[in-house]
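Peer 1: Please dock the two separately framed chains into a single complex, following the hints provided.
Residues per chain are reported as follows:
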Amino acid sequence: MKPGSRIKSAACASEAVVIKYSGGTIECGGVPMAENAAGDGTPAAGFDGGTVMGKRYIDADGTVELLCVKPGKGSFALNGVALVLKEAKPLPASD
Amino acid sequence: MNIALLLEMAAQAGPDRVGLVCDGKRWTYGELDKAARGASELIRASGASHVALLDESSEAAVIALFGAALAGVPYCPLNYRLADADLGALLERIAPALVIGDVARVERLAEGQGHTAYPRSEFTLASLEAVADELAEHDPGLGTAIQLFTSGTTAAPKAALLAHSNLVSYILGTVEFGSADEDEATLVSVPPYHIAGIAALASSIYAQRRIVLLPAFAPEDWLKLVDAEKVTNAFVVPTMLGRIILALEKGVQADIASLRAIAYGGGKMPLEMIRQALDLFPTTAFTNAYGLTETSSTIALLGPDEHRAAHRSDDPKVQARLASVGIPLPTVELEIRDEDGRVLPPGQAGEIYVRGDQVSGQYKEKSALDAEGWFPTRDAGYLDEDGYLFLAGRADDVIVRGGENISPGEIEDLLLTHPAISDVAAVAVPSLEWGEAVGIAVVVRGGFDQPSENELKEMVRARLRSSRVPELVRYFPTLPYNEMGKLLRREVKALLAA
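Residue numbers (the working numbering), protein chains in the order written: chain A, -11 to 83; chain B, 503 to 1000.
The shape of chain B in the complex, shown without the other chains (with noise of 0.2 Å):
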């Protein structure tokens, strides 16, 4: 099935409900469904091999995903942040493409080869007005919708391929068709070339939950939005939440109260965040969702219910929960392996693979499947006894010293309970006696004094083991982070050679 359907069924049941807002811009369902009718016959004409967003969020971008998918061609979101060398070696890669955004860095970075460019103004309107007729044959949806360049920082950069059948086995398995309210609104600040913001709109217009977008994140623009929009949902990656809780800290004056419900994900939520966002928000309903590029979107989520729970529970083992990610989704399977592939039992931590109707596994080079169909999601984790997930870094993170694997995230945890570190890195640095060792690259909090080496060292030594005393510790004003919130963990060891 064609993921073009999902919008389409969205105009049939409401054409004239407003779909999406963006600068002030209403545009209902039909609209939108329209456009991208349209769109697919401009790329249809283009001869394009794939259709490239290289633009900020805006109504573009579900014009651009839907009318791609009509025309089964798939739709590639581009980093507009990456360096110029780097830009221009992916848009070879997808060439000729249809790029929709910056045409003036098209030109300049990938003249010659093949390209069709559009503003992104042009690009609409020339989409509302192409002739767009309703019996067209459109693409039956067997192949790819997406194509999404992972962030690629040893090598470079991998295409994953996400099928129709893919997105749309995600979006009928976790959301009910139309079941959002008239009133309800969803605010979408992640960037378009992330799969939360491609999972983001492909849900909302299933569900026919207006799309709010806030193409640039700052924290007082969210708050503002949220007012004058009289936003109910949200989803933001943990930094997000930390700036937005520090803007109302300071003041910042915007009517909340409509807020019903904030998802999270896409980075590690500290414990202090949520803790605080939960007291902050006593009626809003949290949702952590964890999932990958790869898996079209969450695969494992902890609820609303059991935000609260842990937050008010005495029960160590329940209040644990709210460091995890949740139960896996009904739809798929999911287990812990260690290195010889076998399935670990709870509480032991190994890499977490899964497998479902959502989950790809497919670059366009190669399939990370094995034969039973089993993603290996290079992440680490373990279960907990009811079946609650708990990450622990990327599988590749893991100092490895002397033959003991040791998880970056249990000496991190750690360090943050010491009251002058507001941030800190675990990573292996070399190490002649062991191969590798821990390495700690640390924040300390505004107005503390910087603890010593030592007293760091008897911390880790006192409350864990000898073995992840860190040999190397360095201070740092702030640590590298993308702006999805995740910690460049190369960068920080960059940062530890020097």
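Next comes chain A alone, as it looks inside the complex (with noise of 0.2 Å):
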């Protein structure tokens, strides 16, 4: 799972790009995500928060990050512990 791959739910149309990887199992939906995979399923309860385009999503160690560049029903979680949100500070339009 290197950094800069893109990778597909199998429970919904969620889809993610690697932002910082450095082991474990990436799921979404209660199930693991892959290159080739694909979800028109029910995400497993208590992974079906959603997941939002353009937000980024981080491990509380800070070992992983996921940039949802597609929006679904199921949400994202590293070996079974839900991703939260990384909050950024928002910035003025410098350029």
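Because the hints were derived from the structure by calculation, they are not lab data. Bear in mind that the values here come from a model prediction, so they are computed numbers and not experimental data. Please note that the accuracy of each hint is not assured.
[What the hints assert, rightly or not] From the structure, some residues in chain B lie toward chain A, with a derived Cβ separation under 8 Å: (1) L644; (2) A765; (3) A787; (4) T789; (5) S799; (6) G805.
[Claimed, not checked] List time: in silico EDC-like cross-link candidates among lysine to aspartate or glutamate, alpha-carbon distance up to 20 Å: (7) K8(A) with D641(B); (8) K(-10)(A) with D641(B); (9) K77(A) with E835(B); (10) K(-10)(A) with E639(B); (11) K527(B) with E684(B).
[As the list claims (entries may be wrong)] The following residues of chain A were derived to be distant from chain B, with all beta-carbon distances above 10 Å: (12) G(-8); (13) T13; (14) G34; (15) A48; (16) T51; (17) G68.
Note that CB positions come from ideal geometry on N, CA and C, so glycine has one too.
Peer 2: And the structure:
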């Protein structure tokens, strides 16, 4: 799972680009994501919060970071632990 | 991650939304994305090692930038203002390239180098028509996205390389995806071969803020375009802002009430000018951005509230911040170091070092990063105790008089307070006694008598130190600037030596 690779949910329409990765299983909707996965099922309970286009998601230790490039009904997780939204301080447009 | 994904996301979220306006023609994100995909096919088929733009700003800049990215080939916009010999040498360094723009010039200067050249309209048309398989394998974006030649006033221009990862880090770290309202539009009038021009395209596309291009800056056209397109944001270099203010004072008629925010950078903003602008545009949000080609654009900024607070304040410390470039971005680290590499405390000037994911510091020839990944900017500056960054010229511009380092800025700032001086540059001139001494090139303000050499020397002696007193004073009708409003100090030196 190299940084830069694009992975898809096996449970919903979500797609993400891997920004940072250093090990573990990345999941969406409760099932592992893969480069060639396709999802039209129902996300597992607890992993059905939805993903938002353009948002970045990280784990508590900062070992993984995903950029959502296509939204879906599932939510991202690492080894069964839900990822959280990476909050960025809004900056004024500078260029 | 490939930077082309930034455009793809904008196109996915709003395929029919207008992304770019140039010469009255409107391009949706869907059309731009399709054209970029087509362009990548053309680029692959050409076997080019680089994609060069030899043209003013247009939709072709977006199509070429992202098309090159998809094809995995560096995008290399060239300065079309360069003299033939210089441009020919750069073309040779990127051969074989797919060149968009001035085909006749490519043929004349670089025949036999193996380039494929397209006029702008043919390139965009061919890109839109090129069969682009949606599932085509695109470059993963692990390499160089952009190659920009530095201006190279002393030696051959260096080729600065920006990786996909540098630019993506900058955009993701500073721009919220799709954050612009449908009515927002940004006016881009900086040339396409400047990092600010490239960053403006990428930032605006990711924010889904409509890009309005002004290929050749003239203040009247700028004001009319703001009016016609109801522009909300703009980036200008200080000289542009000065000319816009002048045009407004001359009574150019344009409704610019839509303009909410002006960002500026790329050169030193005279304090008098920004104060004037803050008064003239009382509700506009001003942002000062400081950055370099090698850092993927902005690394520090002074925001709108800080501008207004400094402008209003009676506290000299807060007031002074109007002359700063603000606070470093939260995503970069910044230090001031002395000549021996020691980190300096607040208030002490040295060289600005920066580190972060958006910082490249790579040239085709070599890396400029130190062992810990810090990039020496060659800019001199200092941080105040609250972390505001003040620039003090290029490290190479420091005048060394008998072992004492003198920053030209302090002499220039003082002399600019003289009512009869409209512009001034202080540079090193050879001195038998000191090695180097201070020389000044002075421009007298229209309607004023020329102040005498002695008067200016006395002014410096009284307010600064005797070592700062200019040994050579000469008067000129204007000073040499490049098109980005940067003072060409080497040319000033030549003027003073003549």
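Peer 1: For each hint, tell me whether it holds in the structure or not.
Peer 2: Hints and how they fare:
About 6 Å separates the beta-carbon of L644(B) from the nearest beta-carbon of chain A, less than 8 Å, and the hint is met. Satisfaction of the interface hint for A765(B) is found here, the shortest Cβ-Cβ separation to chain A being roughly 5 Å, below the 8 Å cut-off. The closest approach between the C-beta of A787(B) and any C-beta of chain A is roughly 6 Å, which is under the 8 Å cut-off, so the hint is satisfied. For T789(B), the shortest C-beta to C-beta distance to chain A is roughly 5 Å, which falls under 8 Å, so the interface hint holds.
Given hint, S799(B) at the interface with chain A, holds; its Cβ is 5 Å from that chain's nearest Cβ, closer than 8 Å. At a threshold of 8 Å, the smallest CB-CB gap from G805(B) to chain A is about 5 Å, leaving the interface hint in force. Simply put, K8(A) and D641(B) have alpha-carbon atoms about 18 Å apart, close enough for the 20 Å limit, and the pair holds. Distance check on the hinted pair: K(-10)(A) and D641(B) sit about 14 Å apart at the alpha-carbon level, within 20 Å; holds.
Taking the CA atoms of K77(A) and E835(B), the gap is about 16 Å. The hint holds against a cut of 20 Å. Taking the CA atoms of K(-10)(A) and E639(B), the gap is about 16 Å. The hint holds against a cut of 20 Å. Restraint check: the Cα-Cα separation between K527(B) and E684(B) comes to about 18 Å, which is no more than 20 Å; the hinted pair holds. The non-interface label for G(-8)(A) is inconsistent with chain B: the shortest C-beta to C-beta separation is roughly 5 Å, within 10 Å.
The beta carbon of T13(A) sits about 21 Å from the closest Cβ of chain B, which is more than 10 Å, so the claim that it is off the interface holds. Taking the minimum C-beta to C-beta distance to chain B, about 26 Å, the non-interface status of G34(A) holds against the 10 Å cut. Look at A48(A): its CB is around 19 Å from the nearest CB on chain B, clear of 10 Å, so calling it non-interface holds up. Every beta carbon of chain B lies more than 10 Å from that of T51(A), the smallest distance being close to 16 Å; the non-interface claim holds.
No beta-carbon of chain B comes within 10 Å of the beta-carbon of G68(A); the shortest separation is about 26 Å.
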